[in-house]
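K.L.:
So the chains spell out like this:
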Amino acid sequence: AQKVTQAQTEISVVEKEDVTLDCVYETRDTTYYLFWYKQPPSGELVFLIRRNSFDEQNEISGRYSWNFQKSTSSFNFTITASQVVDSAVYFCALSEVDNNDMRFGAGTRLTVKP
Amino acid sequence: KAGVTQTPRYLIKTRGQQVTLSCSPISGHRSVSWYQQTPGQGLQFLFEYFSETQRNKGNFPGRFSGRQFSNSRSEMNVSTLELGDSALYLCASSPLRQGGNTEAFFGQGTRLTVV
Numbered sequence: 568a569q570k571v572t573q574a575q576t577e578i579s580v581v582e583k584e585d586v587t588l589d590c591v592y593e594t595r596d597t598t599y600y601l602f603w604y605k606q607p608p609s610g611e612l613v614f615l616i617r618r619n620s621f622d623e624q625n626e627i628s629g630r631y632s633w634n635f636q637k638s639t640s641s642f643n644f645t646i647t648a649s650q651v652v653d654s655a656v657y658f659c660a661l662s663e664v665d666n667n668d669m670r671f672g673a674g675t676r677l678t679v680k681p
Numbered sequence: 719k720a721g722v723t724q725t726p727r728y729l730i731k732t733r734g735q736q737v738t739l740s741c742s743p744i745s746g747h748r749s750v751s752w753y754q755q756t757p758g759q760g761l762q763f764l765f766e767y768f769s770e771t772q773r774n775k776g777n778f779p780g781r782f783s784g785r786q787f788s789n790s791r792s793e794m795n796v797s798t799l800e801l802g803d804s805a806l807y808l809c810a811s812s813p814l815r816q817g818g819n820t821e822a823f824f825g826q827g828t829r830l831t832v833v
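Chains A and B supply the protein sequences, listed in that same order.
Sequential numbering of the first sequence, starting at 568, is according to our numbering.
Sequential numbering of the second sequence, starting at 719, is according to our numbering.
There could be a bad hint or two in this list.
[Unchecked claim] With a straight-line Cα cutoff of 30 angstroms, these simulated DSS-like cross-link-like pairs (lysine-lysine) come out:
| id | chain 1 | residue 1 | chain 2 | residue 2 |
| --- | --- | --- | --- | --- |
| 1 | A | K680 | B | K775 |
| 2 | A | K570 | A | K637 |
| 3 | A | K680 | A | K605 |
| 4 | A | K637 | B | K775 |
| 5 | A | K583 | A | K680 |
| 6 | A | K605 | A | K583 |
| 7 | A | K605 | B | K731 |
| 8 | B | K731 | B | K775 |
| 9 | B | K731 | A | K637 |
| 10 | A | K680 | A | K637 |
| 11 | A | K605 | A | K637 |
[Stated by the list, open to error] Some but not every residue of chain B turned toward chain A, in silico, with C-beta under 8 angstroms:
| id | residue |
| --- | --- |
| 12 | A720 |
| 13 | G758 |
| 14 | N777 |
| 15 | F778 |
| 16 | G802 |
| 17 | S804 |
| 18 | E821 |
| 19 | L830 |
| 20 | V833 |
Source of the hints: derived by calculation from the structure; they are not laboratory data.
Keep in mind that this is a model prediction, so the values were computed, not measured.
Note that CB positions come from ideal geometry on N, CA and C, so glycine has one too.
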């Protein structure tokens, strides 16, 4: 069965600090997809990244970077030089090819203080 | 390009009533999925519709149902509402079958309160 664990319930940092959000997943499939979404107070989930299981290259997009390690079943998300606007709940999700739905982690609430 | 539109944004219903929520996906997207978000259970998959057919269903009772129209707009219905159905219901649209080879774009959700 697929499962996503985000052990950090809440994180609070001061602006300009770097912060890493952890995501650990479980799946029996060899082909699967991992996602990160951001949920601001407005409620909608904002897509950040999709990664398939065959692509272990790390990715950087501006201040955001992702570290995918199949050996430890982790897909961690780092925000560099955090800003107040980064305050939100961040969700990691897993999708298996056969199931075709996304299994979300419990989310990590990030608060960035000025 | 307009995003995913969900209506209404807020809804208050009485226990035992039924409710219908609407979702208009991004133009050209054929897949619509529904999720329930509660503080206790988090985000849970309800069902996915693609080309007017339900393709996948989560672990929810039969009181939860949905449909998709030829223009890809989707509705979900909850009958005999219970207090525990109070949640944020999120709709997601994808150009292809959701999950694998494409990302899903979410609406702002409908916040349902059952009293």
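K.L.:
Taking each numbered hint in turn, which are not upheld by the structure, reported in ascending numerical order?
P.N.:
1, 9, 10, 12, 13, 14, 15, 16, 17, 19 and 20
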